[in-house]
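Colleague: Sequence:
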Amino acid sequence: MKKTNHSDSYSHVLKYTGLFGGVQGINILVGIVRNKLVATILGPAGMGLISLFNSTINLLSNATNLGISMSAVKNISEAWDRGDKTALNRIVSMVRAWSLLTALAGFLLCIVLSHLLSKWTFGWGNHTLHFVLLSPIVAMMAITGGEMAILKGVRQLRQIASISVYNVVAALFTSIPLYYYFGEAGIVPSLVIMAATQMALTLWCSYRLFPLKVRMRSDSLAEGMGMVRLGIAFVMAGILGSGAEFLIRSFLSYTSSLETVGLYSAGYMMTMTYAGMVFSAMETDFFPRLSACHHLTTSANTVVNRQIEVSLLLVAPMLVFFTILLPILLPLLYSGKFTAVIGMMQVTVFAMYFRAIKLPMAYMPLAKGDSWSYLLLEAIYDVVLVIAVVLAFRRWGLLGCGIAITGVGILDFLFILFYTHFKYGFRMSCAVRTYALMQLPFGIMAYLLTFVENQWVYWPVGLLLGCASLAVSVMILRKKTSLWQSLKRKLLGRGKHE
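Position one of the sequence shown corresponds to residue 58 (my numbering), numbered consecutively onward.
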């Protein structure tokens, strides 16, 4: 019988959040080496060029992939849970057929629009040929997304984790030599190789489970229309998200410089990546669990609140340590040329507190099949973010970008909280409010400490704040989960055998 008691529920959330957080941690460790080398070799200008290429390619990918990487998971998961192998194989074939069509569409669209993309993205030079050469990436991302949806649908969590680790290691060993020998001229080939590597790893895992059968039948395509209709909202949301980042980076490139784009991208991605260690389990584990109980308001509220509690308790100590150690981390991970973005990052950290709370709530429309509500929430956030960043940058520079990101993040949290309450009956638990009031002051004190110049005060007090925040989280999680007892039993059992 499946365990459903209070302790095991928290243990499950902590276990899988820890699993994918650990994988993300490995990726970060490898990424540290890669980012350091890339920043040293290419500098902020090279980082900005990579950022502009990536944001443009992501925009095209999201515009043409029909949301299959997200919408297909639901169809595959339902067939997998029923144990219907015939239906499962049919759906897999259908997903692959649609993925191939979207890959061809994205590939051709990138070539056709290459001249316009060059004009829209850059305020200088002709980069038409670059976008033509980058067009295979759009196709490979579509195929990878479809195969990844298959792996998620059949619960291949270990395979997904392995792909992530192998991919980041391969990126290190393929891109750095190209940057070293060719400089900025090696950026386009490295991006193509990294996309091809990720696709190859995903195909290898997926094809072992479901061997490729080339069947481009009209009935397979017709069967997928329901999936495509569901994915349209994901496409539009993806376009808005990628478009927002594209507009922000293009604005910074036009009004300031490519170095500013590189600084903004490094600061934004570094903050999001480290917090992403905790958030990485949302789509793979939390979303299917929430979908299974979407029709029961009480159960859905419990699942969402417990996910928020664990996410907040895990991410809060990380954010305190991150804020305090940033003057060391940023030059270590990138180079001394990036120190100008520290102020922006220390402000952006506050947005991560509210992201930990709002992200589980934001999955409620998806779990209920209400994709248009999801689109509405995303659209409001993206539009307000672009406007806020543009206005704040003109007034306060990069620091203003951090203020805008945090301010919009808080407004987005409040809007989602009210929307999910009135639309789905969601109620934030007393425990979530209590833990937020316990942990947020540590973050505020850590930020205020960054204005203290006396190093003999800064470091002892900063580390003390981080340890205090960690102690609070450990104490609460220890009471709520059974993992500590399980770990003790395993260690004691191993000791007896030895």
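Since the hints were derived computationally from the structure, they do not count as laboratory data. Small disclaimer: the values here were computed from a predicted structure and weren't measured. Hints should not be assumed to be uniformly reliable.
Said to hold, decoys possible - Straight-line alpha carbon distances no greater than 30 Å define the calculated BS3-like cross-link-like pairs of lysine-lysine that follow: (1) K537 <-> K425; (2) K131 <-> K176; (3) K425 <-> K131; (4) K142 <-> K131; (5) K394 <-> K176; (6) K142 <-> K480; (7) K394 <-> K131; (8) K93 <-> K394.
What the hints assert, rightly or not - Ranges of calculated distance between the beta carbons of each label pair, as one might list FRET restraints: (9) C487 <-> L382: 29 to 37 Å; (10) T185 <-> L521: 53 to 61 Å; (11) S313 <-> Y238: 51 to 59 Å; (12) C524 <-> S313: 51 to 59 Å; (13) T396 <-> G482: 17 to 25 Å; (14) T231 <-> V440: 54 to 62 Å; (15) K142 <-> T185: 44 to 52 Å; (16) L173 <-> P517: 50 to 58 Å; (17) H172 <-> P384: 22 to 30 Å; (18) T396 <-> R451: 16 to 24 Å; (19) P384 <-> R535: 45 to 53 Å.
Ideal placement from N, C-alpha and C gives every residue a C-beta, glycine not left out.
Colleague: For each hint, tell me whether it holds in the structure or not.
Modeller: Hint check results:
no.: 1; hint: K537 <-> K425; verdict: holds, 28 Å
no.: 2; hint: K131 <-> K176; verdict: violated, 39 Å
no.: 3; hint: K425 <-> K131; verdict: holds, 11 Å
no.: 4; hint: K142 <-> K131; verdict: holds, 16 Å
no.: 5; hint: K394 <-> K176; verdict: holds, 28 Å
no.: 6; hint: K142 <-> K480; verdict: violated, 36 Å
no.: 7; hint: K394 <-> K131; verdict: violated, 45 Å
no.: 8; hint: K93 <-> K394; verdict: holds, 11 Å
no.: 9; hint: C487 <-> L382: 29 to 37 Å; verdict: holds, 33 Å
no.: 10; hint: T185 <-> L521: 53 to 61 Å; verdict: holds, 55 Å
no.: 11; hint: S313 <-> Y238: 51 to 59 Å; verdict: violated, 30 Å
no.: 12; hint: C524 <-> S313: 51 to 59 Å; verdict: violated, 39 Å
no.: 13; hint: T396 <-> G482: 17 to 25 Å; verdict: violated, 47 Å
no.: 14; hint: T231 <-> V440: 54 to 62 Å; verdict: violated, 37 Å
no.: 15; hint: K142 <-> T185: 44 to 52 Å; verdict: holds, 48 Å
no.: 16; hint: L173 <-> P517: 50 to 58 Å; verdict: holds, 56 Å
no.: 17; hint: H172 <-> P384: 22 to 30 Å; verdict: violated, 43 Å
no.: 18; hint: T396 <-> R451: 16 to 24 Å; verdict: holds, 22 Å
no.: 19; hint: P384 <-> R535: 45 to 53 Å; verdict: violated, 32 Å
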